[in-house]
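J.: These protein sequence lines are chains X and A, in that order.
Letter by letter, the first sequence follows residues 0 to 85 in numbering that gives the first Met the number 0.
Letter by letter, the second sequence follows residues 0 to 187 in numbering that gives the first Met the number 0.
Don't take each hint at face value.
Here are the simulated BS3-like pairs of lysine-lysine, each with C-alpha atoms no more than 25 Å apart in a straight line [claimed, not checked]:
| id | chain 1 | residue 1 | chain 2 | residue 2 |
| --- | --- | --- | --- | --- |
| 1 | X | K64 | X | K51 |
| 2 | X | K64 | A | K115 |
| 3 | A | K60 | X | K64 |
| 4 | A | K60 | X | K65 |
| 5 | X | K51 | A | K115 |
| 6 | A | K166 | A | K115 |
| 7 | X | K54 | A | K60 |
| 8 | X | K54 | X | K64 |
| 9 | A | K111 | X | K51 |
| 10 | A | K60 | X | K51 |
| 11 | A | K166 | X | K54 |
| 12 | A | K166 | X | K51 |
| 13 | A | K166 | A | K111 |
| 14 | X | K65 | X | K54 |
| 15 | A | K111 | X | K54 |
| 16 | X | K54 | A | K115 |
Source of the hints: derived by calculation from the structure; they are not laboratory data.
Computed from a predicted model, the values in this text were never measured in an experiment.
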Amino acid sequence: MKDCGDYSGAIRLYLDSELHGPRIIELRAHLERCPACCQVLEAEEELSCLLKRAKPLYSVPDSLKKRIQQMTIPDLSPDMPPNKDR
Amino acid sequence: MSSEQNGLDTAGVASVEYLGALYNYAMILTRNQAEAEDLVQETYLRAIPAMQRLRADSNIKSWLFRILRNIWLNQLRKLKTDPQLVHIDADGTSADEPIDSGKHSYDAYVSKLEIKQVRAAIEQLPTEFREIILLREFEELSYQEIAALLDCPAGTVMSRLARARSKLRVILSSAFTGPVPSHGQGGK
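Based on the provided sequences and hints, a complete structural model is requested.
T.: So, in structure tokens, the structure goes:
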């Protein structure tokens, strides 16, 4: 019989959408009767939520945005004529 | 419209969609704003000519990430520098704080504090942990996509991710047990 240690990895896989099929059903059944694993699930969710709230970690500098746009969208270049089929 | 023009259009869309992700990945790898900007620019320089050859179902983000990572690895090899020894540029975190200006000021303050602590905690991680946290938690790549990008087995992704999260949790726990001001305290 599986114990909580067997489910700790599955909890993380579940939150990462990497757990599939019958293993999800098995984990959910275990969570329904195991408050300790529910706490682990909540703590893992909390960490992920905290990280997602911090996104984006860095904002793209405007100078870089302009450089990349000029490289990738030539029609934005001041030297180019307006967009048209060539 | 020519295939070359199509390729450039694709590149243009990708630049808007993935520039932020690429810049954040570059910052995570280099921890230096100037180096990150150069890395992103070099990535686009190499990607643009190849974009028109991409299949419609290609995973452009993963592909761009791989180009960026390969350039970074090549630069490291050239410099013979250990990624652990890359200097932290404190000003690298000086970009605009992504705070919702519509929030209550206290909430905004806590958010800002949280973001700073999360950034600081991530900065304390070794490069391989910072990288895998970004790829999974921020960019939401699957284990398989991360494995392909890092050129390692999916099992390695899982174990590295578990260790990175564990380490991050320890750092964040100690950060949040510090003197965090509570509502109604501290003046105004």
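J.: Tell me, in ascending order, the numbers of any earlier hints that this structure violates.
T.: none
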